[in-house]
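*Asks:* Sequence:
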Amino acid sequence: MIDLRSDTVTLPTKEMLEAILEAKLGDDVSREDETVNTLEETAASILGKEAGLLVTSGTQGNLVSIMTHTNPGDEVYMEAESHVYYYEVGGLSAIAGVIPHLIPGNRGQIPPEILEEEIRPQNIHYPTPRLVVIENTHNRAGGTIIPPDNIKAIADISHDRGLSLHIDGARIFNAAVGLNMDVAKLIEPADSITFCLSKGLSAPIGSIIVGSEEFIQKARKNRKMLGGGMRQAGVIAAPGLVALKTMITRLREDHENAKILAERLSSIEPLNVWPVETNIVIIDLANTKYQSSELLKELEGRGVKAVSFGKTLVRFVTHRMISRDDILQAADIVADVIQSNN
7 MIDLRSDTVT
17 LPTKEMLEAI
27 LEAKLGDDVS
37 REDETVNTLE
47 ETAASILGKE
57 AGLLVTSGTQ
67 GNLVSIMTHT
77 NPGDEVYMEA
87 ESHVYYYEVG
97 GLSAIAGVIP
107 HLIPGNRGQI
117 PPEILEEEIR
127 PQNIHYPTPR
137 LVVIENTHNR
147 AGGTIIPPDN
157 IKAIADISHD
167 RGLSLHIDGA
177 RIFNAAVGLN
187 MDVAKLIEPA
197 DSITFCLSKG
207 LSAPIGSIIV
217 GSEEFIQKAR
227 KNRKMLGGGM
237 RQAGVIAAPG
247 LVALKTMITR
257 LREDHENAKI
267 LAERLSSIEP
277 LNVWPVETNI
287 VIIDLANTKY
297 QSSELLKELE
307 GRGVKAVSFG
317 KTLVRFVTHR
327 MISRDDILQA
337 ADIVADVIQS
347 NN
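When you line the sequence shown up against our numbering, it's residues 7 to 348, in that order.
All clues stand as given, with none of them false.
Straight-line alpha carbon distances no greater than 16 Å define the calculated EDC-like cross-link-like pairs of lysine to aspartate or glutamate that follow:
no. : residue 1 : residue 2
1   : Lys311    : Glu300
2   : Lys265    : Asp331
3   : Lys303    : Asp342
4   : Lys251    : Glu24
5   : Lys30     : Glu40
For the record, the hints were derived by calculation from the structure and aren't laboratory data.
In this text, all values refer to a predicted model and were calculated from it rather than measured experimentally.
When you get a sec, could you build the whole thing from the sequences and use the hints?
*Replies:* Below you can see the structure in the form of structure tokens.
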């Protein structure tokens, strides 16, 4: 099976599994797990922030970060198709108690001038504006990279208006590799960022939040409140350390494979393929006889897995478990299915 549903299906490497056996463990709630401490310090150093915090998932990381930046009833600004709004079970309202203020973006980017207009002034009738969240890379926009000039402009407006900036950076290393840019420089203007160890970096579990010492100290308590206080969590942290040391630069291969897949799919009439910047490829079936659910069923029967992104949209994600041959084979299968029914 060629599994292109997500980079979350990546399996840990042998080195990651061996690292678990050698990990120095302790009670992480008491800050006694040496491996967790090393991972948090390493992640903070790589991203140019003061401190880090291991969390179980990107969803937990975003929720902890939002809770740490805000108070219940505050207003949080985000792009209308952002993951934190679309796929995180409404936790920002149900648990953090904040009000999402959605801003339609341009391929995932919030236009700075629109943000400036949308941030409401302090008024007894309004929720207090407190936080802006951006997503980099942007999943539903097709793995697009939010460039440094947009991040800086959003940060400047946010800070000028007394708001903080959080980056949902689940795939931030894809963005940095795609830009050929140091990740710390890319996210420098942000007050906090969450990134995943368990997507393209191939660790089996875990995400990291980084920010200031004060922010992380408060976030640690919010993590505990959400049931994220772990004990011998070095068994999670050990493969995460290997991921940071060995998996970042190889993301370029995933990007190359995604572009090859997009090129092959673009040659299939009458598919429309969105522009590709990182490891996500989205096709639009609007001009075919298929809806996404129908195509996915046929593809899986032929050995290719992908996911629906809407009635006529299908997403493919390249990752370490997918070879160049897999890409070519998958494209041929898609072509055969589409062309035999149009």
